[in-house]
Amino acid sequence: PFNPAGDSEAPQISVLFPNGGETLLAGSAVTLRWYARDNLGVTQAAVSLSRDGGQNFQPLTSFTGQQEEYTWTVAGPFSSRCLLKVTARDAAGNERFDVSDNFFAIADSGTGVNYPPSTPLPLRPLAGEEMRGSDLLIWQASVDANPFDRIVYRLEIDNSAEFLSPELVEDNIDSSRTTGIAESSKSGLTLAGQNVLAVRLDRLAGFTNLQDDVIYHWRVRARDLQNAVSAFSSGPARFFMNKINTAPQAVATGFTPAGDLEVRTARPTISWQAADDPDPSDGAEILRYRLQADDDGEFTNDVEITAQTNAGVTFYLPTQDLRENARYSWRVQASDDEGAGSPWSGVQTFWVNALREPPAAFAVMAPPPDYLSPSDTVVFAWQASADPDPFDSLRYVLEWSLERTFSNVYRTAISAPATQLRFMRPAGAGEMFWRLKAVDPDSLATYAGPTGQEPRRLRWQGTEVASSLSIPSQFSLGQNYPNPFNPETTIAFGLPRPGHVLLQIYNLLGQKVRTLIDENMPAGYASIKWDGKDDRAQIVPSGIYVYRIQAGDFSATRKLVLMQ
Numbered sequence: 001p002f003n004p005a006g007d008s009e010a011p012q013i014s015v016l017f018p019n020g021g022e023t024l025l026a027g028s029a030v031t032l033r034w035y036a037r038d039n040l041g042v043t044q045a046a047v048s049l050s051r052d053g054g055q056n057f058q059p060l061t062s063f064t065g066q067q068e069e070y071t072w073t074v075a076g077p078f079s080s081r082c083l084l085k086v087t088a089r090d091a092a093g094n095e096r097f098d099v100s101d102n103f104f105a106i107a108d109s110g111t112g113v114n115y116p117p118s119t120p121l122p123l124r125p126l127a128g129e130e131m132r133g134s135d136l137l138i139w140q141a142s143v144d145a146n147p148f149d150r151i152v153y154r155l156e157i158d159n160s161a162e163f164l165s166p167e168l169v170e171d172n173i174d175s176s177r178t179t180g181i182a183e184s185s186k187s188g189l190t191l192a193g194q195n196v197l198a199v200r201l202d203r204l205a206g207f208t209n210l211q212d213d214v215i216y217h218w219r220v221r222a223r224d225l226q227n228a229v230s231a232f233s234s235g236p237a238r239f240f241m242n243k244i245n246t247a248p249q250a251v252a253t254g255f256t257p258a259g260d261l262e263v264r265t266a267r268p269t270i271s272w273q274a275a276d277d278p279d280p281s282d283g284a285e286i287l288r289y290r291l292q293a294d295d296d297g298e299f300t301n302d303v304e305i306t307a308q309t310n311a312g313v314t315f316y317l318p319t320q321d322l323r324e325n326a327r328y329s330w331r332v333q334a335s336d337d338e339g340a341g342s343p344w345s346g347v348q349t350f351w352v353n354a355l356r357e358p359p360a361a362f363a364v365m366a367p368p369p370d371y372l373s374p375s376d377t378v379v380f381a382w383q384a385s386a387d388p389d390p391f392d393s394l395r396y397v398l399e400w401s402l403e404r405t406f407s408n409v410y411r412t413a414i415s416a417p418a419t420q421l422r423f424m425r426p427a428g429a430g431e432m433f434w435r436l437k438a439v440d441p442d443s444l445a446t447y448a449g450p451t452g453q454e455p456r457r458l459r460w461q462g463t464e465v466a467s468s469l470s471i472p473s474q475f476s477l478g479q480n481y482p483n484p485f486n487p488e489t490t491i492a493f494g495l496p497r498p499g500h501v502l503l504q505i506y507n508l509l510g511q512k513v514r515t516l517i518d519e520n521m522p523a524g525y526a527s528i529k530w531d532g533k534d535d536r537a538q539i540v541p542s543g544i545y546v547y548r549i550q551a552g553d554f555s556a557t558r559k560l561v562l563m564q
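Heads up: the sequence shown at position 79 corresponds to 79 in the working numbering, and the numbers run straight through without jumps.
Derived by calculation from the structure, the hints in this document are not laboratory data.
Since this is a predicted model, take the numbers as computed values, not measurements.
Ideal Cβ positions, reconstructed from N, Cα and C, are used throughout, including at glycine.
Any given hint could be a false lead.
[As the list claims (entries may be wrong)] Computed list of lysine-lysine pairs in DSBU-like fashion (alpha-carbon distance at most 35 Å, straight line):
#1 Lys529 / Lys559
#2 Lys533 / Lys512
#3 Lys533 / Lys559
#4 Lys512 / Lys559
[As the list claims (entries may be wrong)] Simulated restraints, written as ranges between beta carbons of each label pair:
#5 Glu431 / Met365: 16 to 22 Å
#6 Val74 / Gly53: 15 to 21 Å
#7 Arg327 / Pro496: 56 to 62 Å
#8 Gly283 / Leu60: 47 to 53 Å
#9 Glu338 / Thr300: 48 to 54 Å
#10 Gln308 / Ser176: 32 to 38 Å
#11 Pro482 / Asp535: 22 to 28 Å
#12 Glu298 / Val561: 39 to 45 Å
#13 Pro484 / Arg327: 29 to 35 Å
#14 Val561 / Thr300: 41 to 47 Å
Generate the whole structure from the sequences, applying the supplied hints.
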């Protein structure tokens, strides 16, 4: 046999009358009705009444077995906030209850007392939701304890929760405003039909007083035919007025890469911070971005990259390699879900240097191969080279040796853009072998044509030995001249013997700015120019700098002043 104790489904129960909005007169007999069904059958039902809006329920009656109505003689005390509650139980002990959807009234028409309507309850919007003119203000209808009384409402809207000077006031709103409002507009509300009132914002007479992009508070009050009024609705009820969709603001921060940054990849990630949008519903997760990137910065015809991100995405990764050694300009434009676009952001720039490339080919102009010099001073001249990598500076290095095998190599350097070097015959030398190269900061080198790394021969007429006065007796580092300087200055030094020389420029924080010499050099007096640029060929700020030489065990420092 079937065991009812195994059933866990509670009865179906629904209050039918009174279900909200009715007025029951004291002394009259009314039939309270409800719907109750269960697969095992309803075994018990209990009926109770609340006169205080559901805070407390007092029993009216109870039944054993199936029962769906009860005739009750209406009695006081009187109230406009009454609710009926019916609880049903089945044979397995499962229980469920239902309550009237809205308040009904218990009144005594014979006393001549006029009762004010109950306070209406705002339902939507409550917490600052964004509202357009076509959206609805919705509230729960009031109940009047006097039969056949008619209720109208006063609506106030203000940008202050104190309502000291409401910007919109409309009186005599009645239930006719609900006519034609789709039930879908009331979805999620606990009440429906005649128990709910709703008005479209743009159909209110004072709608033009409401400003765009402002938070407003709203409240309602009920009034009956005898001009008895309820209290104003209380509690938070506010919305954000968005009359017109406002476009996002231009992207302003977070750009990377930017500021002519050099990137070491052919597919750099381009990113930015989310734009701001005055409309609260258009958050960062809503906005999309259009990106343009090109190597001419004009963004007119043949833009190299035009891309659209998905909603909420604030970066772009190129799908193809960008051009090597090119300077790219890029900008972004934000748009919301209605297609309203912001102004373009400021133009950002970066360089692509994915490959480290040596200086370009160049050629020696003088002296010719196997040259016989009539003078101790020889002028080396060459075509200018260039480095394809952005920001790379160049220096030219004359490598020379007194042996054809280049077993002992000496180096003399000069920074670009110089294309000439005056060279003094080494003491006692009748001939030497030499070659010239251009070197970038990555130490990548290109030897000058047409002989490349193959050394050339240089001879001098006569065999007289240079005066010993051309070789200093001790190391020295001279004061630069001119000082202060702009745009370049000369630094002279003396080497009593050959060896490795390191000459560098530092700022006053001890940070290296430029390496002028880093090579082996012969004994003698030498000098080099500094053009006021760092190792990236960028002009450095005006100020005091320190230059330092290190040659064997010798080191010395001096200060110089750059005035831009």
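Going through the hints against the structure:
no.	hint	in the structure
1	Lys529 / Lys559	15 Å, holds
2	Lys533 / Lys512	12 Å, holds
3	Lys533 / Lys559	16 Å, holds
4	Lys512 / Lys559	14 Å, holds
5	Glu431 / Met365: 16 to 22 Å	21 Å, holds
6	Val74 / Gly53: 15 to 21 Å	18 Å, holds
7	Arg327 / Pro496: 56 to 62 Å	48 Å, violated
8	Gly283 / Leu60: 47 to 53 Å	52 Å, holds
9	Glu338 / Thr300: 48 to 54 Å	28 Å, violated
10	Gln308 / Ser176: 32 to 38 Å	48 Å, violated
11	Pro482 / Asp535: 22 to 28 Å	23 Å, holds
12	Glu298 / Val561: 39 to 45 Å	41 Å, holds
13	Pro484 / Arg327: 29 to 35 Å	33 Å, holds
14	Val561 / Thr300: 41 to 47 Å	46 Å, holds
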